[in-house]
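Engineer: Chain residues, written in single-letter form:
Number of protein chains: 2
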Amino acid sequence: MATGGDSEFERIRRMTRSIKCFSDQLLTGIGDDCAVVACAPHTDWLLTADLLIEGVHFDRKWFSLQQIGSKAVRVNVSDIAAMGGVPEFALVSLAIPPDVSVPSLEALYGGIREAATAFRVTIAGGDLSRTADLLVLDVMILGRTERGRAILRSGAQVGERIFVSGTLGEASLGLRVAREQRCGPDAESAVARQRCPEPRVDLGRALSQGRLAAAMIDLSDGLSSDLAHICEASGVGAKIRLQDLPMSDSCRRLAATLGVEPAAAALHGGEDYELLFTVRPDAVAALGGSGFPFTVTEIGEILPAAAGMVVEHSDGRCEGLQTLGYDHFR
Amino acid sequence: MATGGDSEFERIRRMTRSIKCFSDQLLTGIGDDCAVVACAPHTDWLLTADLLIEGVHFDRKWFSLQQIGSKAVRVNVSDIAAMGGVPEFALVSLAIPPDVSVPSLEALYGGIREAATAFRVTIAGGDLSRTADLLVLDVMILGRTERGRAILRSGAQVGERIFVSGTLGEASLGLRVAREQRCGPDAESAVARQRCPEPRVDLGRALSQGRLAAAMIDLSDGLSSDLAHICEASGVGAKIRLQDLPMSDSCRRLAATLGVEPAAAALHGGEDYELLFTVRPDAVAALGGSGFPFTVTEIGEILPAAAGMVVEHSDGRCEGLQTLGYDHFR
Numbered sequence: 038m039a040t041g042g043d044s045e046f047e048r049i050r051r052m053t054r055s056i057k058c059f060s061d062q063l064l065t066g067i068g069d070d071c072a073v074v075a076c077a078p079h080t081d082w083l084l085t086a087d088l089l090i091e092g093v094h095f096d097r098k099w100f101s102l103q104q105i106g107s108k109a110v111r112v113n114v115s116d117i118a119a120m121g122g123v124p125e126f127a128l129v130s131l132a133i134p135p136d137v138s139v140p141s142l143e144a145l146y147g148g149i150r151e152a153a154t155a156f157r158v159t160i161a162g163g164d165l166s167r168t169a170d171l172l173v174l175d176v177m178i179l180g181r182t183e184r185g186r187a188i189l190r191s192g193a194q195v196g197e198r199i200f201v202s203g204t205l206g207e208a209s210l211g212l213r214v215a216r217e218q219r220c221g222p223d224a225e226s227a228v229a230r231q232r233c234p235e236p237r238v239d240l241g242r243a244l245s246q247g248r249l250a251a252a253m254i255d256l257s258d259g260l261s262s263d264l265a266h267i268c269e270a271s272g273v274g275a276k277i278r279l280q281d282l283p284m285s286d287s288c289r290r291l292a293a294t295l296g297v298e299p300a301a302a303a304l305h306g307g308e309d310y311e312l313l314f315t316v317r318p319d320a321v322a323a324l325g326g327s328g329f330p331f332t333v334t335e336i337g338e339i340l341p342a343a344a345g346m347v348v349e350h351s352d353g354r355c356e357g358l359q360t361l362g363y364d365h366f367r
Numbered sequence: 038m039a040t041g042g043d044s045e046f047e048r049i050r051r052m053t054r055s056i057k058c059f060s061d062q063l064l065t066g067i068g069d070d071c072a073v074v075a076c077a078p079h080t081d082w083l084l085t086a087d088l089l090i091e092g093v094h095f096d097r098k099w100f101s102l103q104q105i106g107s108k109a110v111r112v113n114v115s116d117i118a119a120m121g122g123v124p125e126f127a128l129v130s131l132a133i134p135p136d137v138s139v140p141s142l143e144a145l146y147g148g149i150r151e152a153a154t155a156f157r158v159t160i161a162g163g164d165l166s167r168t169a170d171l172l173v174l175d176v177m178i179l180g181r182t183e184r185g186r187a188i189l190r191s192g193a194q195v196g197e198r199i200f201v202s203g204t205l206g207e208a209s210l211g212l213r214v215a216r217e218q219r220c221g222p223d224a225e226s227a228v229a230r231q232r233c234p235e236p237r238v239d240l241g242r243a244l245s246q247g248r249l250a251a252a253m254i255d256l257s258d259g260l261s262s263d264l265a266h267i268c269e270a271s272g273v274g275a276k277i278r279l280q281d282l283p284m285s286d287s288c289r290r291l292a293a294t295l296g297v298e299p300a301a302a303a304l305h306g307g308e309d310y311e312l313l314f315t316v317r318p319d320a321v322a323a324l325g326g327s328g329f330p331f332t333v334t335e336i337g338e339i340l341p342a343a344a345g346m347v348v349e350h351s352d353g354r355c356e357g358l359q360t361l362g363y364d365h366f367r
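Quick mapping for you: the protein sequence lines, in order, are chains R and Z.
The first sequence begins at 38 in this note's numbering and counts up by one.
The second sequence begins at 38 in this note's numbering and counts up by one.
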């Protein structure tokens, strides 16, 4: 779908990639969840950063400062998980508007500390300044994998099966019900999912250490957009079976209440922070049984590039999959 | 000088430092120019980040986007220089307001590339999004030193001599003349100094490799503030001899034109990005001669903590040195 926004984004992306490399230690640069840098003889380091700006990436009306701090760390940890890595160190840069008091700032730091502790991330430094009005956070995380084991977006091959962890769609519905201040257990479950994502570090490690995944990404923009990133980086197409998309009962009920097509929430709703990965057919069996204690669901398969991205309905009918997930430049 | 602003800043600082460490690889955490992380057997890695927000840290009225991009990289490279390190990789996160067109963004990236190329820094990744109105940049740089050779703020001891590289005061006058749109060679020289700082990477490397400096910091907030950071981290006091502060003739003339006391510009003007470092008396001789091709000036000495920070006037009279440099929380 070539819109004006897309072509602008393409120009910007080309610009960011026309950068010289001065180091033979850089194994993977711009364009994956993390950069990968060869470090010690048996270790690669993973680098990722997310810049979060009030009004663009979060809203203090729907999130407490504690929740904002925690989520800023968690979404970066998710990028490390998406490479199969272990998060180690963080730099946290904050710019604080005048209406954030010292006690509020303590709540923000409390959230940062909570998430850092949950994932054993050491805050190694950062930067602190004032702003005129908007709260700005930039979190950079440094993680590690065993040498050569980072799972890239570019590793998918035709015939591989597509898997996703956990369930989909609830986080995006959570944002909507938070804005509409809806109550009830289904709404509260969705809001919690939106506010406090659970990065799948242990699953990412298992997939990396078992050499089980060929390509991987975390679901931040939405399944359709993030699958497109894998397809583009790998030069492949993909088919997703709609009836296999994992959704919780609570999420399906909430979608019905809100008049949202459940499949649309699962396909295009962002911020689930589950892992989307591809698996060679001969490795699929390793994802079942008691030796693999993670909830993952097979939702489709990798096709040749010429097939594009398609969805298969329950009646077998296929149609093109549009990428309607979040895009900052649309 | 205990003001309300200082005590608020102290509370915030305590908060940022009450962070758990989960790694025995972290050699130096929050509170220095960079964090230091043990990496390979003979290498330590240096991590630093600076969050730059339009209206707080720069103004598009006085800086072109090319200059803003270049400076964002240069000030981070300066933090690596201040540890005696070599910059290697950068993550660049940008949030772009709607009035920055794609060609303008190309100028911003052009500046980022110019500085990255000048210091052989590889842009390894980052983040890109839109904002409502303000341009926001966060640059993180990863550098390296030989194991255990990072020069910290905390290494100063009583009796050491205090040195500074280059000349002082011009960058802060440059900001003023840019705002006032003054012309002439002295004004233009000062504006250039403000717009395009020159990180002292080679000097920092020589000081680290020769084990010549005991403590070091780069001058971003201003000599009085940055010296205070060394004194506090090292638990010492210091005396600065006013008549020894190095200033260019051009800067002295410009200060006279502007009605600014030259010593005040040198002591409190920020953004010179020179290196301030302490040297054991027996190592001072190594800083002279043709084997040390850098311009450095001895400006004072380290005193016991009880002496505080003092300035000595040309008539031998001493008085307390107030920290009037830039503080985001005053």
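Any given hint might turn out to be false.
[Said to hold, decoys possible] Covered stretches of chain Z, as calculated for chain R (at least 3 residues, CB under 8 angstroms):
hint, stretch
1, 70-77
2, 211-223
3, 244-255
4, 347-360
[What the hints assert, rightly or not] A short, non-exhaustive set of chain Z residues, derived as facing chain R with CB atoms under 7 angstroms:
hint, residue
5, 88
6, 93
7, 125
What the hints contain is simulated information worked out from the structure, not anything from laboratory work.
Glycine included, every Cβ here is placed at the ideal spot set by N, Cα and C.
Engineer: Tell me, in ascending order, the numbers of any earlier hints that this structure violates.
Structural biologist: 2, 3 and 4
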